[in-house]
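Fit chain B to the given chain A structure using the hints.
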Amino acid sequence: MPQAEYVPQSKVPLPPPDAEVFTTCCDYCIVACGYKVYRWPVGKEGGPKASENALGADYPVPASSGKWISPNMHNIVLVDGKEHHVIVIPDAESKVVNVGGTHSIRGGCIAQKCYNPNTLTKDRLQYPQIRVGDKLVRTSWEDAIEIMAEVSKYVLENYGENAWAQKQFSYQYFENTYALTKLAFRHIETLAFAFHDNPSNAEDTPGWRDMGYDNFAAAYEDFSLADTLFISGTDPYETKTVLFQSWIMKGVEERGTKLIYALPRKTTGVAFAESRGGLYLDLIPGTDTVLHMAIIRVILENGWEDKEWIEKFTASKWEQDSGFGRGIRDTGWQWRTTWGKLQGNDFSQYREWLLSQKEAELDEAERITGVSREKIVKAAEMMARPRPDGTRPKTTLGMEKGNYWSNNYLNTASLGMLAVCCGAGNRPGQMLARLGGHQRGGITGGLYNIAKSPEKYPGRRRKPLDLDRWVEAGHVRFAYVVGCTWTTAMTGSQFLANTLEKFTRDNPHQLTSTDKDAAIETFKKRVDSGGMMLVHQDIYLRKPIGSIIADIVLPAATWGEADFARANGERRLRLYSKFYDPPGESKPDWQIVAMFAKAMGFDGFDWKESNDVFEEAARFTRGSRKDYLPLVWLAKNKGVKSHDLLRAYGTHGIQGPIRYQDGELIGTKRLHDATVQLPDTGPQGPTIHSKIMSAFNTQSGKINIQKSPWSLFADFYEWQRPKEEDGELWVTNGRVNEIWQSGFDDIERRPYIIDRWPANFLEIHPDDAKARGIESGDELRVYSDRVPVQVSSFQGVRGAGKPDGDLSFTTLMEEGHIKLASGSVTAVAMVTPAVKKGVSFMFNLDTKEPANSLAPRVPDPLSDNYRYKLGVGKVEKTGESPYKNSFGQMSFGRRDLVGESDGADANT
Amino acid sequence: MQEVHAAPTDRPCLSRRRFLLASGGATVTTLFLASQFSKTGIGEELLAEVAEFERKKVATLSDLKVDTPVPIFYPFDATDLNSLNFIVKLGEEASGGVGPDSDIVAFNTLCTHVGGDLSKTEKTYMKDYKILGPCPLHLTTFDLRRHGMVVAGHATQSLPQLVLEVDGNDIYATGILGLIYGKCNNAELPPVI
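Which chain is which? The protein sequence lines are A and B, in order. Using our numbering, read the first sequence as starting at 8 and increasing by one per residue. Using our numbering, read the second sequence as starting at 20 and increasing by one per residue.
For reference, chain A alone in the conformation it holds in the complex (with noise of 0.2 Å):
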C-alpha cells in the first residue's frame, strides 16, 4: 500500500523580530510573484505576539493577510556552515504581481526547494562526477573542466564548430544565459544549439513575429480591464495561478469580464468561465487555426471588424514593401512571406481571402474542430460585436502551449489576425499576449549566425539548425546539456534517449579510471569513431540524461543560492537574493561557464561575482523587452553594484523595458502602446525609446497582414490523427497546477505533491474508458507503434514533380524522410468528462513516463517548432494501480468542479 510522504505539521516557527529579511521572487512559473524570505539563527523563535515576531502579526492571522506560515513556508538551511531557520513567504504588501500576498501552491511550497539534508532534497548533486565504467564517479572541478576543454578544443579542430552542441535552459537567470550563449555564439560560434524546450534556436510565436507583435507587450492589469478575455490552450488557474486570482478574477468580479476558452480539456478556469456567462470551446486538438479563421469569419460577414483599428494600425501592401521589404534577407521571416501562400497584402485581400476559404465556413468548421457552430457564433458576438450605442466590447487574447505547440505558425498568425479584427494589441484592456511558461531569463550573449547553418528553406534561405535531427545523423561529437532534461522534454522522447545513448554509452570507448590523461585520450578515440562526450550540468542529476547518458556530471548551485536577476511575463525585473549556502562544491552556471571557457584559452570570461556578469549583459539587451541598460548606468553613476540597485526596488521591481529621465528610472507598463506617453525632449542618458514601446514591431510599426492556409498542415493532421478503427486516441498531454514549471524539483522532492501525484495519469472520457473496460485508478498501458520521427532531410526534397526544397510532410514520407518509432508509458486512470471524447490528457513531463513519447518528433517545416500536443495512441488497462483502493496518495477527485453554480455537467 502506498504510504503518504507528508508529514502533516501542528505548529510552525515565527521569526522573531530581529530575523534577517531578503527579498526575492518565485522560482517557478511566468508570473513570478513576489516573496520575502525571514532567516534567523536555529535556537530562538518568535511569539505569537506582534511585537513578539518580524512579520509584525497577531497570531491567529484573519483570512487574506498575507501573514500566515503553511508549515511548507518552513525549512533549514545553513549559512556560512551554521543551521538557521528560514520562512519563505509570500510578500504581503507586494502591490503588484500577486498583490497582498497571495500564492500558488508551488510558491507557497518553494521554501522546500532549498537544499536540507534532513528532507528529499538531500541527493543535491554537490560534487563534480565522471563515468567509469557504469559509475559516476568524484573528481576534482579542475580535472572535470580540463577533460572537457581538451575535448572540446579536439572536437573543434578536428571536426568544426557544429561538432561541438549545448542544449540548455532559456531562463535560469540572466546571468547564466548570458555566459553560457557567450561561449556558444561567440566564442564556439556553434549552430547545434538549442533552448530546452525545442530542437533549434526557433521563434516561440514566429506568426506574430511576422505580424509585429511582441509576446509579453501586455501588463498584468490589462487582463483585469477587459470585457472578454479569449484564452486559447490553457488554463491560467492551473498555470499562471497567480495571475488568474489577482487579475483574471479581479475583472470577472469587479467588471464582469467574460470569459472564452479554447482547449480539449475542462478544468477548474473554465468551469469557473462557464458559470459566469463565459463560454467552452471544446475543440479537438490541433484545430485552432480552423476556429480562429470561423470566428473571423462570422466577424467579417457582419462587419463587426474594428475598421477604425484596422485602418489605423495595419500595413497596406506597399507599407508592407517599404524598405527593405518584408523582413530580414536571409530568414524564415522572409522566405515565409515571399511565395505569397502566407502574406496577405492588406486587410482587404485578406478578408477576401479568408471568405474564400472552406475551412472558414461553420459547417466545415464544426466538422473539424468539433466545436458546435452555435458557439462559434457566440464567440464571435462576444469578442468583437459592437454594443447597440456604436461601442465596442474590450477584447483581450491570451494563448499558451496547447495553441502554439500543436500548430505553431498557423494557429498564431491566425489567432493574431482574430486579434486584429478585435483591434487588439496596443493599448489597455485590448492586448494579445503570450501567457508564458518559464520566467523570461533569456539574455543572448553573442550572434546565432544563421547565414552558416546547414539547414534550409526552399531556395537559399537560411534555418535554424534542428539540433535533435543533427545528432540522429552522427554530427555532434560533445555536447554540453545545461539544466534540462533534452530527452523527456523533447517529442520522440525514447527514440531521442536511443540516439544519445548510441553515441555515448554504446561506443566501445568508455573509461576505466578516473586519471585524466587517460580520460581526454579516451574520449578522443571516441569522438573519432563517431562517438560523442556529453556534459550534463544541473542542480539534479536526471534520467536519464545524468544517470545513464552523461559522461561528466557537474553540480550547479541555483536559487536562493547565488543573486540573480529576471523578468517575469509583464517584463518586470527583480533581484532574486541569495540567502543560504549553495549545497558542497556547487557552483552558479555562469561561474562553471567561466572556468570552461578559460580553459579553452577564451578571454571576457573574468568575473567575479554574479554583479559582473549582469552589468556586462546589459548592453545586450538595448532596445528589447527587457533593457535594463540604465538601469546599470545609473548604479555606475551613483557608485553602487547594479544587483543593489535593483535589490531597492525589492518585489516590485521595474518593468522593461526600463528608462532613464530626470535622476528616476522609469518603466514601462505595456509595448506597442500607442498611449504611451514618451518625453518631447527625447530620451536621456542611454535610454533608448525602441519603436517597440509604442508602435508594433515591424518596419513600418504597423500589423503585417499574415494568412493561415490549412492546406499546409493539413496533410500532416490527417496522417497524425487518431484512428478510431484502430481504438487510437489523441493522447494530448499538459500541467497540472501542482507541477508548473517546478517539475525539476518539486515532482520527486516534495512530500506533499508527491502525495497528490504519485504516478503519472491519464484522463480518459467516460464512453472511451468503458469501451476499454476501464476505471479510475486503473494502471493504463498508453502505447503507439507509428510515432513520426523526421530522421533526415536538411535541405528539403528535391526532384520529380516537387518544388525546390519540398518540406511538406508528404513529400518527407513519401522520400524516406520520416520514420517510425514506437513509444509507450504506463499511466494511472482517472475517469473524468472533464475531456472531450476521443481525448486523452496526461501530465506532459514525468521523468518516468514521458508521454512526449508519443508525441510526433515531425516540427513545423514552418517554423521548427515541435506539435507537442498532438500525441496519439492506444490505451489498455494492465490491472489496478496501488492508488485505487488505497487513500494515502493520489486523488481522483475531478478538477472541473466550481459548485452548485457550476457547468460541471453541462457539456458531457
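Incorrect hints may have been included.
[Stated by the list, open to error] List time: in silico DSS-like cross-link candidates among lysine-lysine, alpha-carbon distance up to 25 Å:
#1 Lys18/A to Lys146/B
#2 Lys709/A to Lys698/A
#3 Lys146/B to Lys891/A
#4 Lys881/A to Lys855/A
#5 Lys142/B to Lys257/A
#6 Lys257/A to Lys139/B
#7 Lys146/B to Lys777/A
#8 Lys265/A to Lys142/B
#9 Lys385/A to Lys257/A
#10 Lys18/A to Lys75/B
#11 Lys463/A to Lys809/A
Note that these hints are calculated values from the structure, not bench results.
Structure of chain B alone, referenced to chain A:
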C-alpha cells in the same frame, strides 16, 4: 529539523492502544496513525505530528445522516473561530473514517490557502464527489476521502483533519492533523476577546 520517516519497517508502528496511551494534554507527538488511517487496518499508515488535546465528545453516531455535515468546535470552543470544523458521514469509506462504515470524518473549515471560509457546507460540500469546495476566494477544492488532500487549487497542505474515535454511540475528537489556517500553533490558546 523536520523529521523524515525512515522505511516503515525500520521503526515501530504505534498501535491504536499505544496512541491512546501516549495522548494527554496539548502535547505534540510524531506518531504513526495506523488503524485509524488505514482502509484495511494493516500496511497503510500515515505519519503525522498530531497536536493532541483533551478528548472531547463532538457528535453522536446515531444522529449523523449521510451527506449531512454538522458544525463542531474543536479544539477550543466557539470563542475561537479557527476551531470551527464540520463532521460528516460520507457514505463511502474514507481515510481516517470512523464508525461501522469507516465513513465519518471531520475537517477544519478554513481554507489552507489564504483562509477562505468553507464552513457554509450547504454550498461547499459536494456530495456527489465527496469534495469540499470550491473556496469562495480562489476556488480550491479538497478530497474528503483522502485526508483532505488538495484536488485542485492553491493550498500548500491538506485541510486539517480531526482524529476521531467512537465509544458506543459517542464520537470523540482527540487531535488534529495539520496546522489550522491563521495559527502558528494548533495548541496556542485563542486570544481573550
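Taking each numbered hint in turn, which are not upheld by the structure, reported in ascending numerical order?
1
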